[in-house]
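**Q** Numbers 137 to 337, taken from my numbering, label the letters of the sequence shown in order.
Treat each hint with caution, since some may be false.
Label pairs and their computed distance ranges (CB to CB) [stated by the list, open to error]:
| no. | residue 1 | residue 2 | range |
| --- | --- | --- | --- |
| 1 | 271 | 159 | 27 to 35 Å |
| 2 | 202 | 155 | 18 to 26 Å |
| 3 | 242 | 199 | 29 to 37 Å |
| 4 | 254 | 328 | 23 to 31 Å |
| 5 | 212 | 168 | 18 to 26 Å |
| 6 | 158 | 228 | 18 to 26 Å |
| 7 | 308 | 159 | 17 to 25 Å |
For lysine to any residue, the following SDA-like pairs were computed, each having C-alpha atoms within a straight-line distance of at most 20 Å [unchecked claim]:
| no. | residue 1 | residue 2 |
| --- | --- | --- |
| 8 | 213 | 179 |
| 9 | 203 | 213 |
| 10 | 203 | 285 |
| 11 | 218 | 256 |
| 12 | 328 | 262 |
| 13 | 328 | 156 |
| 14 | 328 | 240 |
| 15 | 289 | 312 |
| 16 | 213 | 202 |
| 17 | 336 | 242 |
| 18 | 328 | 158 |
| 19 | 155 | 179 |
| 20 | 328 | 218 |
| 21 | 203 | 187 |
| 22 | 336 | 306 |
| 23 | 336 | 202 |
| 24 | 337 | 239 |
| 25 | 289 | 236 |
| 26 | 218 | 180 |
| 27 | 236 | 257 |
| 28 | 213 | 252 |
| 29 | 203 | 179 |
| 30 | 213 | 146 |
| 31 | 203 | 169 |
| 32 | 213 | 186 |
| 33 | 155 | 285 |
| 34 | 213 | 239 |
| 35 | 337 | 235 |
| 36 | 207 | 242 |
| 37 | 218 | 179 |
| 38 | 328 | 308 |
| 39 | 207 | 196 |
Note that these hints are calculated values from the structure, not bench results. Just so it is clear, CB atoms sit at the ideal spot from N, CA and C, and this is done for glycine as well.
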Amino acid sequence: MYLVGLTGGIAAGKSTVAKHWVSRGAIEIDADVLAREVIAQGTPGEQQVIEAFGTGVLDSTGALDRKALGKIVFNSKPELEKLEAIVHPLVRARTQELLKAAPNDAIVVYTVPLLVEANVDLGFDTVVTVEAPEVERINRLVESRGYSIQEAKARIANQATPIERAARADHILNSNQDIFLLIRDADALFEKFVAANEAKK
137 MYLVGLTGGI AAGKSTVAKH WVSRGAIEID ADVLAREVIA QGTPGEQQVI
187 EAFGTGVLDS TGALDRKALG KIVFNSKPEL EKLEAIVHPL VRARTQELLK
237 AAPNDAIVVY TVPLLVEANV DLGFDTVVTV EAPEVERINR LVESRGYSIQ
287 EAKARIANQA TPIERAARAD HILNSNQDIF LLIRDADALF EKFVAANEAK
337 K
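Work out the full structure, taking the sequences as your base and the hints as a guide.
**A** Here it is in structure tokens:
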């Protein structure tokens, strides 16, 4: 297995790169998807969140109101750390299950926004960060996800800086360019993964 750690700030373009690599044959494990799964309705993780934050984070159907929870944690570092203390161990455990189930000859892309912040180290063969200027990321969050400028800035402020991510990465992809150029760069990098994976066999 060739394991790629894929990171980058919110709205930097990680998903675009990951989807392209999947189209090339990679297997993606998305930490954000797992983070939602482990606190989905009826899970032990959801119960832990309710116990930690109260029933005010539930919507009218009894499910977690992620927007309400987000307003709490993205405006208070101690509250964010409380949520991460619940979610991160559950995501780590689920990730290990998925890695064990992956084929031995696979290229696996672990997409994890908080690779630096959570000190994620799964024995990656390489780490890639996707970067774009903060102003561009704010625009993307406002235009495509419906965030206010304040909400966008709060989420960015709670993540590692581009310099911190670059220090952890082996490769940097610039998403502040035409999508076709980003895909071209991602393709060139994927070819290196293929060659390195072959060399490991």
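**Q** Given the hinted pair residue 207 and residue 242, is their alpha-carbon gap at most 20 Å?
**A** violated (39 Å)
**Q** Decide if the proposed pair is consistent with the structure: residue 213 and residue 239, CA atoms, cutoff 20 Å inclusive.
**A** violated (39 Å)
**Q** Would you mind confirming whether the straight-line C-alpha gap from residue 213 to residue 186 stays at or under 20 Å?
**A** Cα-Cα ~18 Å, so holds.
**Q** Checking one constraint from the list: CA of residue 289 to CA of residue 312, max 20 Å. Satisfied?
**A** holds (18 Å)
**Q** Does the beta carbon distance between residue 271 and residue 159 stay inside 27 to 35 Å, or does it fall outside?
**A** holds (30 Å)
**Q** Between residue 202 and residue 155, does the C-beta distance stay in 18 to 26 Å?
**A** About 22 Å separates the Cβ atoms of residue 202 and residue 155, which means 18 to 26 Å holds.
**Q** Given the hinted pair residue 203 and residue 213, is their alpha-carbon gap at most 20 Å?
**A** holds (17 Å)
**Q** Run the distance test for residue 336 versus residue 202: straight-line Cα separation, threshold 20 Å.
**A** violated (42 Å)
**Q** When you take the CB atoms of residue 158 and residue 228, is the distance between them in 18 to 26 Å?
**A** Holds, at about 22 Å.
**Q** Sort out whether residue 158 lies within 20 Å of residue 328, counting only the CA atoms.
**A** Holds: residue 328 and residue 158 sit about 15 Å apart, inside 20 Å.
**Q** Against the 20 Å threshold, does the CA-CA distance of residue 213 and residue 252 hold or violate the hint?
**A** holds (16 Å)
**Q** Sort out whether residue 187 lies within 20 Å of residue 203, counting only the CA atoms.
**A** Distance of about 18 Å is within 20 Å: holds.
Hints 8, 19, 20, 23, 25, 33, 34, 36 from the list above are not met by this structure, while the remaining hints are.
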